[in-house]
Amino acid sequence: MTNLNYKIHPGSGPVMLLVHGFLSSSSQWSLNLSALGQVCTPVTVELYGHGHSPSPLQAGAYSPENYLA
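Residue numbers (my numbering): 5 to 73.
Hints in this document: simulated from the structure, not taken from any laboratory. Careful: at least some of the hints might be erroneous.
Distance ranges between label pairs, derived from CB positions [what the hints assert, rightly or not]:
1. 73 x 38: 31 to 39 Å
2. 62 x 23: 15 to 23 Å
3. 32 x 68: 19 to 27 Å
Every value quoted in this text rests on a predicted model; they were computed, and no experiment measured them. Just so it is clear, CB atoms sit at the ideal spot from N, CA and C, and this is done for glycine as well.
With the hints as extra help, turn the sequences into a complete structure.
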């Protein structure tokens with residue numbers, strides 16, 4: 005399976021994984037990244053079929069188990 009698109013943003017402290025909502029992309033976090041970077045290291049990810057991540061044709065690619073693999 006192809007990798008998801010993600011970006012590690014500037015910050016200090018523990019890593020915080022930011023996952024966008026339905027029909028969105030990582031851009032929804034853009035206004036929050038500066039403030040979050042003061043208390044953590046933000047990492048944005050785009051789920052399959054969103055933003056710059058691939059859109060697999062296999063339905064199983066979108067299962068929770070596949071995202072965790």
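Hints numbered earlier in the text: which of these fail when held up against the supplied structure? Nothing - there is no hint that the structure violates, so all of them hold.
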